[in-house]
Amino acid sequence: MKTFTAFFYLLLVHSSYTLAAKELLLDTNKYQAANLGWPGWKSCTSPPGHLGNWAYTKFLNETVGKYTICYQGHHQRAWLISPYIPFGVAKKVYVNIEYSTKSNCSIRSKNCTSFLYFIGLQFQENIGNQFCEKSELYSRIRDTLDLEEIIHAKESSLLADQKGRKVSLLGQHRKFAAFVTVQENMNGMYLFLDGKGSCSIIQNVQVWYKVCHPKQIGNVYFPAAATEQTGTNVSYSNGSCTGKSQLVDDKVQPIMSCFPNGTWSKPQNLQSCACKAGHELQNNICQRMSENIIVVIIVFDLYLSYIFI
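Per mature numbering (1 follows the signal peptide of the UniProt record, and there is no 0), the sequence shown runs over residues -20 to -1, 1 to 289.
Hints are not guaranteed to be accurate.
[To be verified] Derived pair list, reagent style DSS-like, types lysine-lysine, alpha-carbon separation capped at 25 Å:
| hint | residue 1 | residue 2 |
| --- | --- | --- |
| 1 | K38 | K155 |
| 2 | K155 | K195 |
| 3 | K256 | K195 |
| 4 | K155 | K71 |
| 5 | K2 | K224 |
| 6 | K10 | K72 |
| 7 | K2 | K71 |
| 8 | K195 | K2 |
| 9 | K195 | K71 |
| 10 | K224 | K246 |
| 11 | K38 | K22 |
| 12 | K2 | K72 |
| 13 | K231 | K195 |
| 14 | K72 | K224 |
[Stated by the list, open to error] Pairwise CB distance ranges, derived in the manner of DEER restraints:
| hint | residue 1 | residue 2 | range |
| --- | --- | --- | --- |
| 15 | Q262 | V232 | 30 to 36 Å |
| 16 | D7 | N167 | 18 to 24 Å |
| 17 | L261 | G68 | 45 to 51 Å |
| 18 | N218 | G20 | 41 to 47 Å |
| 19 | P194 | N263 | 34 to 40 Å |
| 20 | G17 | N218 | 21 to 27 Å |
| 21 | A254 | E105 | 26 to 32 Å |
| 22 | G258 | Q196 | 18 to 24 Å |
| 23 | K231 | P194 | 21 to 27 Å |
No lab work stands behind these hints: they were computed from the structure.
No residue lacks a Cβ here, since even glycine has one placed at the ideal position from N, Cα and C.
Please work from the sequences and hints to get the whole structure.
Shown next, in the form of structure tokens:
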């Protein structure tokens, strides 16, 4: 079995990064808009691996475009698993989950622990629908869980999480925001939503990465570039000559930097794409010269040749 790793870096519930330039990898909003369920999502009724002495139940897709879990017994637990999400060219992936929690198990019960886990695991490849059948996968999830790397919030302002912080997630339209740094040799990920002792609705899940979109400047085309993993680094895109232009020096490529917020820098070396013979630069694009200009050039060349014979 291919290796995988847990990832989520804990952030504040309200995100502060820009969404101006993003490439969506997953957006459940479109399923709701099309009056469809969430294709590829899987809820395990009795997953092997025995993550504690739990009675497993299901997230239910009762309302179109939303998943609901409403079991509040302290011994009940439910898993919802996303389809495989390929990273593509992404180097840093962002996750937003919108949900609401209407109630939780009684805090008067000493056995009550109410939470929603949002867990992400990176994989080398798509392993299909094997999570509900392979016990070693669930045991690996159990072994890799680290409260430093996942969200762990008890669904009541009267209860603190295991780090002693009091949080209140009861209410409508709560948002969880996180990001993952894509690890070497990892080509995609799965999201796991783990609910216990609460009555919650998962309203929307969105996964994306920031990107500088393709750009044409004159005769030079710059392909899309994914932003780098850290906020201080920039990625680079080499431009290619298009139309009736050609590269005059292989060592001097047109280049443009992609900033972490998904915007381009000022391009460099655009002059490296020069117009081919019989073409001239008009409105920053190489266009064919008019016949009169070509005739004049030919006559002038013949005149010069006559003088120096």
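Hints, verified against the model:
1. The straight-line distance between the Cα atoms of K38 and K155 is roughly 22 Å, inside the 25 Å bound, and the hint therefore holds.
2. The hinted pair formed by K155 and K195 fails the criterion: a straight-line CA distance of about 33 Å is larger than 25 Å.
3. The hinted pair formed by K256 and K195 meets the criterion: a straight-line CA distance of about 22 Å does not exceed 25 Å.
4. Our distance criterion of 25 Å between C-alpha atoms is met by K155 and K71, whose separation comes to about 23 Å.
5. Distance check on the hinted pair: K2 and K224 sit about 32 Å apart at the alpha-carbon level, beyond 25 Å; violated.
6. Between K10 and K72 the alpha-carbon distance is near 23 Å, which keeps this suggested pair within the 25 Å criterion.
7. Only pairs whose Cα atoms come within 25 Å are accepted, and K2 paired with K71 is accepted, the gap being roughly 13 Å.
8. For the hint linking K195 to K2, the alpha-carbon distance of about 15 Å falls within 25 Å, and the restraint holds.
9. Restraint check for K195 and K71: satisfied, since their Cα atoms lie roughly 20 Å apart, inside the 25 Å limit.
10. Note on K224 and K246: the hinted pairing holds, with a Cα-Cα distance of about 23 Å set against a maximum of 25 Å.
11. Between K38 and K22 the alpha-carbon distance is near 9 Å, which keeps this suggested pair within the 25 Å criterion.
12. Our distance criterion of 25 Å between C-alpha atoms is met by K2 and K72, whose separation comes to about 11 Å.
13. Distance restraint check for K231 and K195: the Cα-Cα separation of roughly 22 Å lies within the 25 Å cut-off, and the hinted pair is therefore satisfied.
14. For the suggested pair K72 and K224, the alpha carbons sit about 37 Å apart, so the restraint of at most 25 Å is broken.
15. Roughly 23 Å separates the CB atoms of Q262 and V232, a value that falls outside the hinted 30 to 36 Å.
16. Taking the beta carbon of each, D7 and N167 are about 20 Å apart, inside 18 to 24 Å as hinted.
17. Separated by about 36 Å at the C-beta atoms, L261 and G68 break the suggested range of 45 to 51 Å.
18. Under the hint 41 to 47 Å, the C-beta atoms of N218 and G20, about 36 Å apart, miss the expected range.
19. The beta-carbon spacing between P194 and N263, approximately 20 Å, falls outside the hinted interval of 34 to 40 Å.
20. Against the hinted window of 21 to 27 Å, the Cβ-Cβ separation of G17 and N218 comes to about 43 Å, which falls outside the hint.
21. In this structure, A254 and E105 break the distance hint of 26 to 32 Å, their C-beta atoms being roughly 45 Å apart.
22. In this structure, G258 and Q196 meet the distance hint of 18 to 24 Å, their C-beta atoms being roughly 22 Å apart.
23. Separation of K231 from P194 is about 24 Å and conforms to the stated range, judged on CB atoms against 21 to 27 Å.
Comparing the model with each earlier hint shows violations of hints 2, 5, 14, 15, 17, 18, 19, 20, 21; every other hint is respected.
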